[in-house]
Amino acid sequence: MPSEWIARRDESLTLQGEWTLANYRCIKAELRQQHISQATGAISLAAITRLDTAGAVLIVELIGVEKAHSVAKWATELPKVQQALLIRIAEAMQAPLIVDPPAYSRINQTLANIGQHMAGLWAQQRQLLAFIGLVIATLFHLALRPHRWRVTATVAHVQQSGLNAVPIVALLTFMVGAVVAFLGATVLQDFGATVYTIDLVAFSFLREFGVLLAAILLAGRTASAFTAQIGAMKSNEEIDALQAQGLDPIELLVLPRVMAMLISLPLLTFVGMLSGLAGGAMVASLSLDISLGQFIATLQKDVSVTHFLVGLSKAPVFAFVIAVIGCLEGFKVSGSAQSVGEHTTSSVVQSIFMVILIDAVAALFFMEMGW
Amino acid sequence: MTNSDKPTEQTSQPVIKVRGLINRFGSVVVHDNLDLTLKRGEILGVVGGSGTGKSVLLRSIIGLKRPNGGTVEVLGTPLNTLGEAERSQIERRFGVLFQRGALFSSLNLQENVALPLIEHAKLPREDAEHLARVKLALVGLSPEAALQFPESLSGGMVKRAALARALALDPDILFLDEPTAGLDPIGAAAFDQLLVTLRDALGFSVFLVTHDLDTLYAACDRVAVLSQKHVLVVDTIDKVAETQDEWIQDYFHGPRGRAAQRAHNDY
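Read top to bottom, the protein sequences are chains A and B.
Residue numbering for the first sequence is 1 to 371, as defined by the working numbering.
Residue numbering for the second sequence is 1 to 267, as defined by the working numbering.
It should be emphasised that the hints constitute simulated quantities derived from the structure, not laboratory data.
Just so it is clear, CB atoms sit at the ideal spot from N, CA and C, and this is done for glycine as well.
Hints may be right or wrong, so weigh each one.
To be verified - Examples of chain A residues toward chain B, derived with CB under 10 Å:
#  : residue
1  : 17
2  : 21
3  : 22
4  : 24
5  : 28
6  : 54
7  : 56
8  : 83
9  : 89
10 : 93
11 : 101
Claimed, not checked - Among chain A residues calculated to face chain B with C-beta under 10 Å, some are:
#  : residue
12 : 20
13 : 87
14 : 91
Make the full structure from the sequences, and use the hints.
Okay, structure coming up:
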C-alpha cells in the first residue's frame, strides 16, 4: 500500500503530503512500520505540502542534523521558509536534548527518603520553637510601646476570626451538647441515674468540649486563612518588600493575628460552653423531664467554678499555638500555587494535632493536681 | 504555520480584524469604536501610554474579556457568534505569552510545554516531551533547564519558556504581552532576534504589546498607537514617528526614543 507521507524506491525516499503535528503519530508509526530510522540514500522533500515544527523534527531525525543544516544546498526546490525552519530545528537539536538524572538504587532512595523526612520533621519542630520565641520576644518588646500596637489590624482580625465564627461555633457546640445529653441519658438510665446527665454535660463542656471544639473550628477556619494570606504575600514578594523597608513582618503581620486569636478564642470558648449547656438543657427538658429550673439548680449545686476555669485556661494556649502555626506555615510558602496548598493543609493538620496533644497533656496535669 | 501553497484568498485575508470595538469598565470607557487589522505573517507592535487599554485589547481578541460592542474576526470567523467547541478550535491556533509568563508552577518546563501537546494534539507523553525539549532548545533553553520548575528560574528564562509554550501547537497567531519587560537589554535584544527568526521560519503572525522602543525598531513590521480610546495611527515605524501628535512625539522623540532610533539607524 503506498503511503501518504513516504514513498520508497530502493534506497531513495520521497517525502510528501502534510508533515504536521496532527499527523505526527501516524508518520512516526509509518516510519517504524517501514523500518526507516536513518535515511542513507537520496531524499526528496519537494512533494511536502505542509510543514510545521513537529514535522521538521521528524525530518531532522530522519536525515540527521548535518544534512538538515545544509538543506539549502540539496533541496533547492523547497520553499525558503521551510528551509529556514529545518535549519532552525537542526540547530536546536544539535546538542543532546536529554540529560540523565543521576540514578540511585531503590534501597538507597528509600533510606534517603526516610532520612530526609526525619530531618525535615526535626527541622520543622526547631523552626516552630524558634518562631514561637521570636513572636514572644517581639510581643514583650512591643508590650512596653503601646504607640506601636496595631489596634486597627487586630480589631479587623478579631472580627474575621472571632465574631464571624460565633454562629458556627454556637451551632456546633449546641448539637454536640444535645448528643452528649442523649448519650448520657441512654447509659445512665440502666442505673436509674438519668439526673446525672446534667453533670455529664456540664463537666464535659466546661472542662473539655467547649474549648476543644472552638479551637478545632478555629484551627480549620483561621489557621488556614492565616497561612493562605501570608503565603500569598510571600509569593508576591510583599514580605520581602516589608523587610526591605525596614518594617518587621512579625510586628505587622503576625502579632495582630496572634493577639486577635488570644482575644477571640477565650470568648468563643465561653460561647461554646454556654451553647453546649443549652443543647444539653434542651434534651433534658424535652426527653428526660428535667425542667430548665432544675437543670440550673443542679448546675449550681454540683459543678464548681474550677471546672470552668480549667477549661478557659487552655483557650489562650490553644489560640497562641494555632495562630503561630498558621503564620509560620505562611512564611514557609515558596513561589508556586502548589506550595500554598501544601502549607495550608499542613497548618490545619499541625494545629489540630497540637491542640489535641496539648489538651491530653493538660488533662493529665489537671487530674494529678486534683483540679 | 508554514504553508507554501495556501489558497490565495486566505493569504491576502487579514488574520485578525477588529471593527468598532467598545470596551467599558463601569463608567470608564477604555475603547470606543476601535479598528485594527493584523495581516498574515507580520509582527504588529501595539504601543500606548499606561492605561490606554493595550492589554484589554489583547484580552478581548483572545476571548478572555467579552467586548461591550463591536466585532472581532479571527481568521475570517467572527468570534462572538461561535459556540463553545468552534471557539476552542480557533483558540488552539493562538499562542499567548502573558506578561508574567504564567507558567504552571506545579509542572516543570518540559511538562509545561508538553501539556497542550498531550491535551490538544493527543500525543503520547513520550513524544510530547520529546517535542517539548526541541521547542525549549529552539528558544535557547538548555536540557538541564527543561527539568526545572518555574519558581527556580530567572525572569529571562521564564519568558523564553513561556514563548516555547506559546509555540507548542505551532500557532497561526502569537500574542505577546510585553515580552521584553523585565529583561536586561542583552536578553531583550536576543528575544527580539529570536522572535524575528522564528517568525521567518514558522511564518506566524504576531500581535505584540510592548513599551520597548528597541523592540519596535528591531522586530516590528508595523506599529499601532493606542490613544484617546482608539487606534490613532498604524503604519511602519518611521511613518508613525512622523505623526503629529503630542504623545507620539514625546514617545518617539524623547531621549529614549531618539537613542533607540539612532541605534536602529546605525544597525
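Hint check:
no.	hint	verdict
1	17	12 Å, violated
2	21	5 Å, holds
3	22	7 Å, holds
4	24	6 Å, holds
5	28	7 Å, holds
6	54	6 Å, holds
7	56	9 Å, holds
8	83	9 Å, holds
9	89	7 Å, holds
10	93	6 Å, holds
11	101	7 Å, holds
12	20	8 Å, holds
13	87	8 Å, holds
14	91	8 Å, holds
In this structure, only the earlier hint numbered 1 is contradicted, and the remaining ones agree with it.
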